[in-house]
Amino acid sequence: MLEDRLLVVWKFKRGSKDAFCRIYEKYRDDLLTLAKGLLGEQVEAEDVVHDVFVSFARLAGQFRLTGSLRGYLATCVSNRARDKIRARTRQAEAQSPKIPSVSDSDNPAARAIEAEELARLRHALGQIPFEQREAILLHLRGGLKFREIAKRQGVSIGTLHGRYRYGLNKLRSLLNSEVKE
Amino acid sequence: MRPAEHIKRLVKKLNDTTSAEMDQRVLTDVLHTLAESEKPTALTRPKIWRNIMQSRITKLAAAAVIVIAVLVGINQLGGPASGVAWGEVVRNIEASPGFIFRMKQINNDKEKGIKEYNMKVYGSAEYGVRMDGYLDPQALVQTYASLKEGVLIGVMHSEKMYTRQPLTGDQLAELEGLDPKEGIREMLSVGYRKLGRKTIDGIEAEGVEITNPEGARISSDDPIEVDSHVAQLWVAVETGLPIFFESKTICNNGTKEFHNVQDEFQWNVELDESEFVPNIPADYTLQEN
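The listed protein sequences derive, respectively, from chains A and W.
So in the numbering used here, spot 98 of the first sequence is number 98, and the numbers just go up one at a time.
So the number in the numbering used here is just where the residue sits in the second sequence, counting from 1, plus 181.
Think of the hints as simulated: they come from the structure by calculation, not from any bench.
For every residue, glycine included, the Cβ atom is placed at its ideal position computed from N, Cα and C.
Be aware that one or more of the hints could be misleading.
As the list claims (entries may be wrong) - Here are the computed distance ranges between Cβ atoms for each label pair:
1. W:463 / A:18: 54 to 60 Å
2. A:25 / W:458: 35 to 41 Å
3. A:157 / W:321: 24 to 30 Å
Stated by the list, open to error - In silico EDC-like links for lysine to aspartate or glutamate, alpha-carbon gap of 16 Å or less:
4. W:429 / W:453
5. W:193 / A:30
6. W:293 / A:148
7. A:26 / W:204
Claimed, not checked - Short, incomplete list of chain A residues facing chain W, as computed with Cβ under 7 Å:
8. 29
9. 32
10. 36
11. 37
12. 53
13. 58
14. 85
15. 117
16. 121
17. 123
18. 126
19. 127
20. 170
21. 171
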């Protein structure tokens, strides 16, 4: 896999700016999306991604990768996002200073509808419990398998499946209720 | 009513992109980090003790060598202090055909919770090292590092399974004489201070203390960044042999804490070779690492 080769280059030529840049360019948007999905806040999400990459640069030569690099970085983002949420004294509102990218559809009306749906989805994500949000985003956006997420959450695979399913149902319910309103 | 598949598709369509300012901030800080960390630290070196710890079954045991490590380092660095002749301590240990001590390791992870390991360590310059550890009172894990056979064997009795892996030439070289050499010298080379005397369990002892984070020897499945590290070694004034060791290492912005205590030392013990030969029941399964 390309990501494995990138990591090898990075680990064995530690200090290679080119190798790091390729890794950063490959994963930065995915990780920012994940962080923002978990935190619902742009500045905090950027800070988390920044910190993950700086820590990765510092520790890259020391850790032993047992899964995919993408999964490892996604897990790091999730850990730091969890810390941020714990540190919050109040729930941050899920606001995005940037307009999210939408599909490649040429139909302006369809793009507008989708942009609106994505905005509602972001808001809804902020309303479900962190563990459910984490399960959904790590699986669908981080590429982690259910058993990997279950392990990091310290729960059984059955519990994790439940969190994932309940989370999706809750999102569905939230989005539908907004439509009805 | 939107189906779940629609929600999944929406989640997959979420897409944020980093700004040029953020890219610049990350790359600038990474380059700075790289410049700062060009000098390798003890934590980055794949020494035998770290390799041993990478085995799930045997990683409980690695901290057991810290006492020896500390002493070798002192031997490299120190002149004699009043009372304990620190330069003699390593020679005293080397003159001991075998030793036994007790070790307790407490790992406090903010996310994973607290884990406590208790073990007894048996060492022989001729035969190797054996460590009997308990994950809990019912789960005995035995680790054998055999100098004669050049293998590392871990036996997990509660699971009825064991691991067996060869020790490489470098690993064997480090095991022989129970002398971790370079890695240990690094640990002490970061500096230490003398603590003076105190009585421990009725024995008059003198101690030294290490506080430099680079002196920490921590193994973890997760990336580790040491915040602070304090280790103390106490040696009996009368015998010049260690009687107590304790270290506390805080990592990753205070989210992980490693506490290690070694005591109940017995030196100059004659241990039989059979103590270092694992007796693996026939119904145990070999676990491939």
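Going through the hints against the structure:
At about 55 Å, the beta-carbon gap between residue 463 (chain W) and residue 18 (chain A) stays in the expected band of 54 to 60 Å. Restraint check, residue 25 (chain A) to residue 458 (chain W): a C-beta distance of roughly 55 Å breaks the suggested window 35 to 41 Å. Evaluation of the 24 to 30 Å hint for residue 157 (chain A) and residue 321 (chain W) yields a pass: the beta carbon distance comes to about 28 Å. Taking the CA atoms of residue 429 (chain W) and residue 453 (chain W), the gap is near 34 Å; set against the 16 Å cutoff, the hint is violated.
For the proposed pair residue 193 (chain W) and residue 30 (chain A), the alpha carbon gap of about 10 Å is at most 16 Å, so the pair holds. Restraint check: the Cα-Cα separation between residue 293 (chain W) and residue 148 (chain A) comes to about 15 Å, which is no more than 16 Å; the hinted pair holds. For a cut-off of 16 Å, the pair hint linking residue 26 (chain A) to residue 204 (chain W) stands: about 12 Å separates their Cα positions. The restraint placing residue 29 (chain A) at the interface with chain W holds, with a minimum CB-CB distance near 5 Å, inside the 7 Å limit.
A distance limit of 7 Å between C-beta atoms decides the matter here; for residue 32 (chain A) the minimum to chain W is near 5 Å, and the interface restraint holds. About 5 Å separates the beta-carbon of residue 36 (chain A) from the nearest beta-carbon of chain W, less than 7 Å, and the hint is met. Proximity of residue 37 (chain A) to chain W holds as hinted, the smallest CB-CB distance being about 6 Å (cut-off 7 Å). For residue 53 (chain A), the interface hint holds, since its Cβ comes within 7 Å of a Cβ in chain W; the closest pair sits about 5 Å apart.
At its closest, the beta carbon of residue 58 (chain A) sits 5 Å from a beta carbon of chain W; the interface hint therefore holds under the 7 Å criterion. Nearest Cβ of chain W to the Cβ of residue 85 (chain A): about 13 Å, over the 7 Å cut. The hint is violated. Given the 7 Å rule on beta carbons, the hint for residue 117 (chain A) holds: about 6 Å separates it from the nearest Cβ of chain W. Of the supplied interface hints, the one on residue 121 (chain A) holds, with its beta-carbon coming within about 5 Å of a beta-carbon of chain W, less than 7 Å.
A hinted interface residue such as residue 123 (chain A) counts as satisfied when its beta carbon comes closer than 7 Å to some beta carbon of chain W; here the least separation is about 12 Å, so the hint is violated. Interface hint status for residue 126 (chain A): violated, as the beta-carbon distance to the closest one in chain W is roughly 13 Å, over 7 Å. The restraint placing residue 127 (chain A) at the interface with chain W is violated, with a minimum CB-CB distance near 14 Å, outside the 7 Å limit. The restraint placing residue 170 (chain A) at the interface with chain W is violated, with a minimum CB-CB distance near 10 Å, outside the 7 Å limit.
Checking residue 171 (chain A) against chain W by beta carbon gives a least distance of about 5 Å; that is within 7 Å, so the hint holds.
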